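**Student:** What follows is each chain in one-letter form.
There are 2 protein chains.
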Amino acid sequence: MIRIAIDAMGGDHAPREVVLGSVIAAKEYGIAIQLVGPPDVISAELKRNSVKEVLGGRSPESMNISIVAASEVVEMGEKPSRAVLKKKDSSILVATKQVAKGEADGVVAAGSTGAAAVAAQIALGKLQGADKAAICVGMPTINNEPCLLLDGGASVDCSAEELYHFGVMGSVLFKGLYNTAQPRVGLLNIGTEETKGNDLVRDAYKIFSESKGLNFIGFVEGRDYPLGKVDVVVTDGFTGNVSLKTAEGIARMMSQILRQELMSSIRGKVAGIMAEPYLKALKARVDHNELGGALLLGVKGVYVIAHGGSKHTAIKNAIRVAKDMVIANVIKKMEQALKVDSTQNGNGNGSDHNDADSDGKKKVSAAESR
Amino acid sequence: MIRIAIDAMGGDHAPREVVLGSVIAAKEYGIAIQLVGPPDVISAELKRNSVKEVLGGRSPESMNISIVAASEVVEMGEKPSRAVLKKKDSSILVATKQVAKGEADGVVAAGSTGAAAVAAQIALGKLQGADKAAICVGMPTINNEPCLLLDGGASVDCSAEELYHFGVMGSVLFKGLYNTAQPRVGLLNIGTEETKGNDLVRDAYKIFSESKGLNFIGFVEGRDYPLGKVDVVVTDGFTGNVSLKTAEGIARMMSQILRQELMSSIRGKVAGIMAEPYLKALKARVDHNELGGALLLGVKGVYVIAHGGSKHTAIKNAIRVAKDMVIANVIKKMEQALKVDSTQNGNGNGSDHNDADSDGKKKVSAAESR
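Taken in order, these protein sequences are the chains called Z and D.
Take our numbering: the final residue in the first sequence is number 370, and no numbers are missing along the way.
Take our numbering: the final residue in the second sequence is number 370, and no numbers are missing along the way.
Check before you lean on any hint, since a few could be wrong.
Copies of the same chain are indistinguishable here, so a pair counts whether it falls within one copy or spans any two.
Lysine-lysine pairs mimicking BS3-like chemistry, simulated, CA-CA at most 30 Å apart [stated by the list, open to error]: (1) Lys-333 to Lys-86; (2) Lys-300 to Lys-196; (3) Lys-212 to Lys-196; (4) Lys-88 to Lys-212; (5) Lys-126 to Lys-196; (6) Lys-311 to Lys-86; (7) Lys-311 to Lys-206; (8) Lys-196 to Lys-47; (9) Lys-87 to Lys-280; (10) Lys-88 to Lys-196; (11) Lys-332 to Lys-88; (12) Lys-101 to Lys-212; (13) Lys-339 to Lys-52; (14) Lys-52 to Lys-87; (15) Lys-333 to Lys-269; (16) Lys-280 to Lys-86; (17) Lys-86 to Lys-196; (18) Lys-283 to Lys-269; (19) Lys-79 to Lys-52.
The hints are simulated quantities; they were obtained by calculation from the structure and are not laboratory data.
All values derive from a computational prediction rather than experimental measurement.
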């Protein structure tokens, strides 16, 4: 039975919505749920009517819902990454350790990506073959499947080879989540010609082109992924973060402008009332991608970071994604794909020269020690 | 009288829509228009009924519409920048030279930013105090004024000081176009704390913070500009291009999804018909920002690049922006602002160390030679 550890204390609506969403997930997916936090707080939440209704008279234990004690909580006011380093018994760190110890198959934590990244670094360590972690975000598209964008902000400075690792991980993930044999992987650039862009993307282009395991479709532009032309879009954490936040801002702007226009006349108001369910459907398709949050990739375990504002449905969706990642065995497959890559491509393809932060030697020795 | 030179042969709808839009602009704004291209082609266009209607029986000459001969045209199939280098008598180069020779106060060219950048480089040269050119794009916001984003793709690798120059030029431009005393200038980053981002933006932050002439509001994120929280958003050409194309893609995606949802049921179709004018108004507000295209900044002249797909109204708007830039005397004011800056900040503030392409020496000597 798949076991998911949940930081019961993370996010704006914790513990209430987190516990409720977890209980619904346990029931709906038939998985074991480990709620991590102060036992008395979680016990009290499990006794609420909303939870009891879901349980339908059964005990939490009989539904494979257990409590894992953690005495500390990363509070709203704290700088999350520093707090995780300081609080050794924080719920997010203890939840992450469940995976490290083999007690759970994946973690779900709502709220700070910074806290999750630090907890993963401390407790899980890096995936073999990946030099940097990446935040993978499901971006809305005109299609049913989202486009996976990575890195969304974990690694601001990347080498060409690290971008390639992101591509490999993203491709494995897309295959696993959406049952697609050959996801289209693209490198984000400012044009589609090979000569466009900066040294980083041109160097990465060479590595991607030579790869045998990826369905690399070349350079893609910022407008291509919302229009469904690519399944996995790879970029450094700086550019990726700007792109995903631009997407968020433009989506909100469009909704606001449309509402302004509809409110500008009587006819508009009537049209607005009639169009309301469709505007809601639009919002739902844009806001809540199927990932239920962001995924932390490049670490040795399934790690889903739900939005800070997650209510129970979003928590349930995040747990579903974690479960699907476990079923698809993505961590093992990512390691295998990265290993094949390192055998094929040798020691970095000479792609490190343009990355001030790169550390060629360390990478080579890491590759040799495998 | 303000004189604007127009590349009559540029863009998908040239020469017809370009000539028509120019004639409307001449009439509406009372400015002199120089149509640049093969005289016989332009003469034929000026004899069309649509143009005659605008002229209302008057001759083009009496409306200060003249033809400037250029025998060559950069064709659709050509690589635009190379074509401009090769064709010395191309309409875009001749139009640009009108400004260089003092025969015109600004240029409008539709189509390729690459061709415009090369033509400007050949004929106009750099603005004193600016080391790199920038494409400035008006991005839609929830407010009436757009946000000026630069660089949109002219300079992929920038130093911190070059970003500062972009900020100075963008601020002068916003003041001139929108009559705002203290435009809010922000640096695009992946978070708003001073410690966020890469070396480039952190170094630039210091220069911006020390500047006395700018209303610097600090780091801004990709979602901030569509929501109207900043007037001028500064970034390198790579990030800027990704951001503006993401914005374009998301806007198109939103429209498509909404139409999909509306078409999904009878009620939706009715709502869609009722909402049609408001959807059109939304599209108009998002698509056609007030700049009528992109502005090429950092060159010694007013340069507006209209969209390749511009019809006459877009051409007219682009000419209006060129005229407004001339009236506001932005080129002179940018040079003055950049000069004040170089006196205040000395030789580059030590900000060049993180830019592989930077050329500190050249910058210093350029500053000294002023």
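**Student:** State for each hint whether it applies.
**Tutor:** Cross-check of the supplied hints:
no. : hint               : result
1   : Lys-333 to Lys-86  : neither (33 Å within a copy, 52 Å between copies)
2   : Lys-300 to Lys-196 : between (35 Å within a copy, 26 Å between copies)
3   : Lys-212 to Lys-196 : within (23 Å within a copy, 36 Å between copies)
4   : Lys-88 to Lys-212  : neither (43 Å within a copy, 46 Å between copies)
5   : Lys-126 to Lys-196 : between (32 Å within a copy, 23 Å between copies)
6   : Lys-311 to Lys-86  : within (28 Å within a copy, 61 Å between copies)
7   : Lys-311 to Lys-206 : neither (43 Å within a copy, 40 Å between copies)
8   : Lys-196 to Lys-47  : neither (59 Å within a copy, 42 Å between copies)
9   : Lys-87 to Lys-280  : neither (41 Å within a copy, 54 Å between copies)
10  : Lys-88 to Lys-196  : between (47 Å within a copy, 25 Å between copies)
11  : Lys-332 to Lys-88  : within (28 Å within a copy, 60 Å between copies)
12  : Lys-101 to Lys-212 : neither (35 Å within a copy, 56 Å between copies)
13  : Lys-339 to Lys-52  : neither (47 Å within a copy, 71 Å between copies)
14  : Lys-52 to Lys-87   : neither (32 Å within a copy, 79 Å between copies)
15  : Lys-333 to Lys-269 : neither (52 Å within a copy, 46 Å between copies)
16  : Lys-280 to Lys-86  : neither (42 Å within a copy, 54 Å between copies)
17  : Lys-86 to Lys-196  : between (45 Å within a copy, 21 Å between copies)
18  : Lys-283 to Lys-269 : both (19 Å within a copy, 18 Å between copies)
19  : Lys-79 to Lys-52   : neither (35 Å within a copy, 68 Å between copies)
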